[in-house]
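Protein chains in written order, with my numbering: chain A, 344 to 816; chain B, 2 to 490.
FYI, nobody ran anything at the bench for these hints, they're computed from the structure. Heads up, some of the hints might be wrong.
[Said to hold, decoys possible] Derived lysine-lysine pairs resembling BS3-like cross-links, with alpha carbons at most 30 Å apart:
| hint | chain 1 | residue 1 | chain 2 | residue 2 |
| --- | --- | --- | --- | --- |
| 1 | A | 681 | A | 801 |
| 2 | B | 86 | B | 356 |
| 3 | A | 801 | A | 721 |
| 4 | B | 304 | B | 335 |
| 5 | B | 414 | A | 422 |
| 6 | A | 681 | A | 748 |
| 7 | A | 813 | A | 774 |
| 8 | B | 356 | B | 304 |
| 9 | B | 86 | A | 472 |
| 10 | A | 418 | B | 380 |
| 11 | A | 514 | A | 681 |
| 12 | A | 422 | A | 551 |
| 13 | A | 721 | A | 774 |
| 14 | A | 422 | B | 380 |
| 15 | A | 801 | A | 783 |
| 16 | B | 487 | A | 422 |
| 17 | B | 304 | B | 86 |
| 18 | A | 472 | B | 335 |
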Amino acid sequence: MSWQADIGLEIHVQLRTRTKMFCGCPNAFGAEPNTHVCPTCLGYPGTLPVANADAIRLTVRSGMLLDSTIGLRSKFDRKNYFYPDVSKNYQITQYDEPLCIGGHLDIVVDGQTRRIGITRIHLEEDVAKNIHFGSDSGVDFNRAGTPLMEIVTEPDLHTPEEALAFLQALKQVLQYGEVSDCNLEQGNIRCDINCSVRQVGAERLGTKTELKNMNTFRGVFRALQHEIPRQIRELERGRSIVQETRRWDEASGRTEAMRGKEDAHDYRYFPEPDLPPVQLTEEEVARWRAELPELPVARRARLVQAHGLPEYDAGVLVADKEVADFFEAALQAGAPAKAASNWIMTELLARVSETGASIHSLRITPAALASLLQLVEKKVINGPTAKEVLALVLAEGGEPEAIVKQRGLAQVSDTGALEAFAAQAISANPKSVADYQAGKPAAFEFLVGQVMRLSRGKANPQLVRELLKKQLG
Amino acid sequence: MAALTELTVSEAVRVLSEGGTTSTSLLEALLQRIDQHDGAIHAYVSIDREDAMRQAEAADARRKRGESAPLLGVPIAVKDLFNVKGQPCTCGSRMLEGYIAPFDATVITRLREAGAVIVGRLNMDEFAMGSSTENSAWGPSRNPWNTDCVPGGSSGGNAAAVAADIAFASLGTDTGGSVRQPASFCGCVGLKPTYGRISRYGVVAYASSLDQVGPVTKDVRDTALLMNVMSGLDLRDSTSLNVPTPDFTTALGRDLRGLRLGLPSEYFGAGLDPEVERAVRAATDVCRSLGAEIVSVSLPQTKFAIPTYYVIATAEASANLARFDGIRYGARVKADSPLELYEQTRARGFGSEVKRRIILGTYVLSSGYYDAYYLRAQKVRRWIRAGFDDAFRSCDALLTPTAPTPAFRFGEKSADPLQMYLSDIFTATVNLAGGCALSVPCGFSATGMPIGMQVIGPALAEETLLRVGHAYEQATDWHLRRPQLKASV
Ligand SMILES: [Zn+2]
Chain A
344 MSWQADIGLE
354 IHVQLRTRTK
364 MFCGCPNAFG
374 AEPNTHVCPT
384 CLGYPGTLPV
394 ANADAIRLTV
404 RSGMLLDSTI
414 GLRSKFDRKN
424 YFYPDVSKNY
434 QITQYDEPLC
444 IGGHLDIVVD
454 GQTRRIGITR
464 IHLEEDVAKN
474 IHFGSDSGVD
484 FNRAGTPLME
494 IVTEPDLHTP
504 EEALAFLQAL
514 KQVLQYGEVS
524 DCNLEQGNIR
534 CDINCSVRQV
544 GAERLGTKTE
554 LKNMNTFRGV
564 FRALQHEIPR
574 QIRELERGRS
584 IVQETRRWDE
594 ASGRTEAMRG
604 KEDAHDYRYF
614 PEPDLPPVQL
624 TEEEVARWRA
634 ELPELPVARR
644 ARLVQAHGLP
654 EYDAGVLVAD
664 KEVADFFEAA
674 LQAGAPAKAA
684 SNWIMTELLA
694 RVSETGASIH
704 SLRITPAALA
714 SLLQLVEKKV
724 INGPTAKEVL
734 ALVLAEGGEP
744 EAIVKQRGLA
754 QVSDTGALEA
764 FAAQAISANP
774 KSVADYQAGK
784 PAAFEFLVGQ
794 VMRLSRGKAN
804 PQLVRELLKK
814 QLG
Chain B
2 MAALTELTVS
12 EAVRVLSEGG
22 TTSTSLLEAL
32 LQRIDQHDGA
42 IHAYVSIDRE
52 DAMRQAEAAD
62 ARRKRGESAP
72 LLGVPIAVKD
82 LFNVKGQPCT
92 CGSRMLEGYI
102 APFDATVITR
112 LREAGAVIVG
122 RLNMDEFAMG
132 SSTENSAWGP
142 SRNPWNTDCV
152 PGGSSGGNAA
162 AVAADIAFAS
172 LGTDTGGSVR
182 QPASFCGCVG
192 LKPTYGRISR
202 YGVVAYASSL
212 DQVGPVTKDV
222 RDTALLMNVM
232 SGLDLRDSTS
242 LNVPTPDFTT
252 ALGRDLRGLR
262 LGLPSEYFGA
272 GLDPEVERAV
282 RAATDVCRSL
292 GAEIVSVSLP
302 QTKFAIPTYY
312 VIATAEASAN
322 LARFDGIRYG
332 ARVKADSPLE
342 LYEQTRARGF
352 GSEVKRRIIL
362 GTYVLSSGYY
372 DAYYLRAQKV
382 RRWIRAGFDD
392 AFRSCDALLT
402 PTAPTPAFRF
412 GEKSADPLQM
422 YLSDIFTATV
432 NLAGGCALSV
442 PCGFSATGMP
452 IGMQVIGPAL
462 AEETLLRVGH
472 AYEQATDWHL
482 RRPQLKASV
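Construct all of the structure, not just a fragment, from the sequences and the given hints.
Below, the structure written as structure tokens:
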């Protein structure tokens with residue numbers, strides 16, 4: 344019997360706004376507990392929410408990037424439940440009139456493109472963080488009330504690989520849209536999974552379980568790798584799947600049922616009386632659409648067309664918006680396109696993957712890279728020297744041109760000096776000269792290397808070859 | 002000259018500006034009278050005398066510097082649900098015992114800017130749920146006209162204080178009649194402005210879509226004065242209206258020629274006390290004699306108002322009051338788990354009427370009942386609003402009784418919640434419909450208890466109400482009568 348999994352994702356994305364969703368507190372990560380709080384986000388009596396217009400704009404922008412339908416009218420609702428992480432004991436969210444409805448995102452897995460449906464996108468407030476120490480607990484309300492966008496997909500994903508590909512593609516779009524920093528360590532993207540299995544060909548979806556507590560994309564992948572076979576095993580043993588919420592345990596690599604109580608919630612949604620419905624205007628929506636940033640697919644095509652980059656190279660560069668931004672900034676500063684692309688793809692991305700930091704946190708700026716590549720292009724320095732200079736800039740920062748000057752790294756193109764080096768190399772290596780004349784090209788390369796050595800690496804290699812050939816007749 | 006405490010706000014402003022008295026003298030006279038009489042009335046739950054005196058001194062200093070402001074130096078008392086920075090704000094509940102407000106409500110800020118001295122916190126039914134102050138955790142207030150009778154509620158402390166001249170004027174809130182009904186019971190003027198006219202920011206919510214701040218005053222002019230100061234857009238309250246604030250006093254001093262006033266037949270039917278009916282009909286005649294045309298109208302939705310009100314108000318309240326959980330502020334009963342902490346804290350912190358309404362509200366929002374109750378109530382609410390719209394096509398305002406009876410005795414209705422709920426029958430419809438309404442004194446019962454007439458207008462028709470109320474007031478002297486108080490000390 345063969346089985347198919349049906350996977351839907353509920354992805355919570357923290358929006359990149361200056362302030363919280365319903366008050367003026369900063370929307371910032373990492374401060375001392377309970378320092379970004381005010382009576383409103385602490386749920387003090389008498390306070391009222393005021394919706395953050397920028398959060399609404401970013402949610403609508405996300406919808407546009409995912410081809411959702413943007414309704415001009417939407418509303419907020421109260422979701423009632425008692426828990427210490429929600430200061431009013433209700434969360435302001437959107438129940439039946441979300442900002443964006445429908446949409447899709449294409450993913451590529453094993454060379455196959457698949458279109459994954461988006462059900463809806465809505466806006467809500469994030470909850471606080473409960474902190475446990477010893478026998479006591481505390482609540483940090485810094486995160487409480489920060490804008491949180493929830494993207495719900497159709498159960499169109501069938502494998503852990505597809506789920507992972509979807510999350511990566513979504514992250515790319517949201518980063519491109521400047522909607523969210525999508526920093527996973529800071530919890531900018533969190534994800535719940537709905538997962539069921541059915542026999543291939545069966546029309547109805549199977550009974551689903553909800554998986555929670557995946558903190559990384561890898562966690563989503565692994566949880567599904569565990570949950571799908573678990574459900575199949577259950578069904579093959581003739582048991583049925585219990586509709587329940589299961590918690591992913593990263594350490595043991597298993598999912599386990601959460602207590603049933605969590606599932607029994609009746610959230611008693613009703614329209615938030617403190618907030619009038621959101622009413623967007625046609626003009627507003629049109630303006631936001633006009634402001635949409637370029638998406639990866641379009642950017643890749645543009646890089647190929649405008650700069651003659653190979654498809655593959657352009658793909659690598661646009662995969663991460665920050666990398667593509669760095670590349671274009673270097674071009675702006677005068678870097679030759681192909682060289683910039685090569686250097687970023689090899690030297691800089693290697694460093695990025697070593698350190699795990701973003702390309703912008705490297706000590707080399709796009710302008711410095713441009714300056715370095717210009718020095719190579721003008722033959723002031725050669726390739727190996729350029730790598731040496733790059734290592735210096737990455738380690739200590741600084742301006743390549745100044746470093747080259749300071750350290751006397753400019754290559755020698757003085758024919759007189761190089762002719763002397765060439766003569767020296769020829770006379771010191773008669774065997775290589777004989778080999779060369781016997782038709783062994785490796786011997787020539789050896790002689791080039793000797794001249795380079797004599798010039799301490801600063802010789803212009805092109806010139807060295809010409810001079811050697813001339814002297815060897 | 003009358004005793005300082007008998008002054009209205011507008012009189013006090015005049016005397017102050019003429020140099021006839023100072024803010025500190027006014028305050029001292031007021032505090033002295035409170036000492037004499039509030040033992041019997043129990044209008045106040047707390048007074049910070051030092052803080053009030055500092056404000057009065059500051060007002061006097063401002064005046065000395067040549068400054069002027071609409072309410073400069075006049076003491077104003079507020080219901081115990083307005084956040085006033087540094088002051089308690091218990092909402093008549095043990096749940097907020099010891100709570101100190103961390104900020105000023107927008108209306109308080111506006112009153113301060115207008116020079117008012119914010120003094121004292123007035124008793125109320127717990128979280129504004131009630132019609133008699135019998136639901137206050139701190140004991141009921143008493144009606145100055147007869148201390149065996151309730152002052153009405155929920156803003157009962159407001160009306161009792163103003164009627165007893167132990168407040169010059171006061172700020173209350175009206176969700177289903179909580180300003181107008183006590184004003185009627187105590188012989189004061191009470192206004193429920195249009196929803197959104199005055200910011201709700203800093204006012205502890207009972208039912209967010211119905212709550213509105215309203216003044217309780219000695220006469221209609223004072224209501225106009227306070228409305229001038231309090232009204233207007235507030236960006237902290239997304240439901241506040243972006244409409245210009247007129248000078249409400251320009252509506253005063255005009256007769257009623259050209260106005261058409263409607264008498265809705267449904268407000269004069271069974272259940273209406275005959276003395277109340279007589280007084281209101283007589284008041285109608287006065288309005289006619291002042292030039293108004295009186296017409297009959299029908300509001301067939303009236304009988305659905307109370308059930309609709311109690312579904313919507315309790316639903317909203319069940320969520321609004323969820324925040325009182327003992328975690329961040331207010332009373333807390335220690336327990337081993339959060340759930341237990343909530344249960345214990347709320348079981349001890351809330352009184353029985355509040356619990357009843359939270360349970361009711363939770364029920365009508367529950368899965369399986371939502372459509373039959375909450376959703377349906379919203380539909381009926383729209384229908385009620387349409388009914389008022391219809392009525393206002395044939396008249397400028399409605400004249401009705403404010404409450405079906407004069408003030409009742411303690412205990413008379415507290416055993417039967419439904420009877421108590423029905424005392425809002427003529428007022429709650431206005432909150433549902435989103436209009437505005439004014440209660441003015443229009444007579445007394447045989448036993449000497451005040452009776453109020455309600456003037457109801459469509460949204461933003463406060464000027465019409467004030468015009469009618471003021472013209473009527475000028476033609477009668479009900480508002481000038483004062484209860485005989487026995488000094489309690
Ligand atoms: Zn805040």
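Consistency of the hints with the structure:
no. : hint            : verdict
1   : 681(A) - 801(A) : holds (24 Å)
2   : 86(B) - 356(B)  : holds (28 Å)
3   : 801(A) - 721(A) : holds (14 Å)
4   : 304(B) - 335(B) : violated (45 Å)
5   : 414(B) - 422(A) : violated (35 Å)
6   : 681(A) - 748(A) : holds (25 Å)
7   : 813(A) - 774(A) : holds (18 Å)
8   : 356(B) - 304(B) : holds (25 Å)
9   : 86(B) - 472(A)  : holds (28 Å)
10  : 418(A) - 380(B) : holds (18 Å)
11  : 514(A) - 681(A) : holds (27 Å)
12  : 422(A) - 551(A) : holds (23 Å)
13  : 721(A) - 774(A) : violated (35 Å)
14  : 422(A) - 380(B) : holds (21 Å)
15  : 801(A) - 783(A) : holds (26 Å)
16  : 487(B) - 422(A) : violated (52 Å)
17  : 304(B) - 86(B)  : violated (41 Å)
18  : 472(A) - 335(B) : holds (21 Å)
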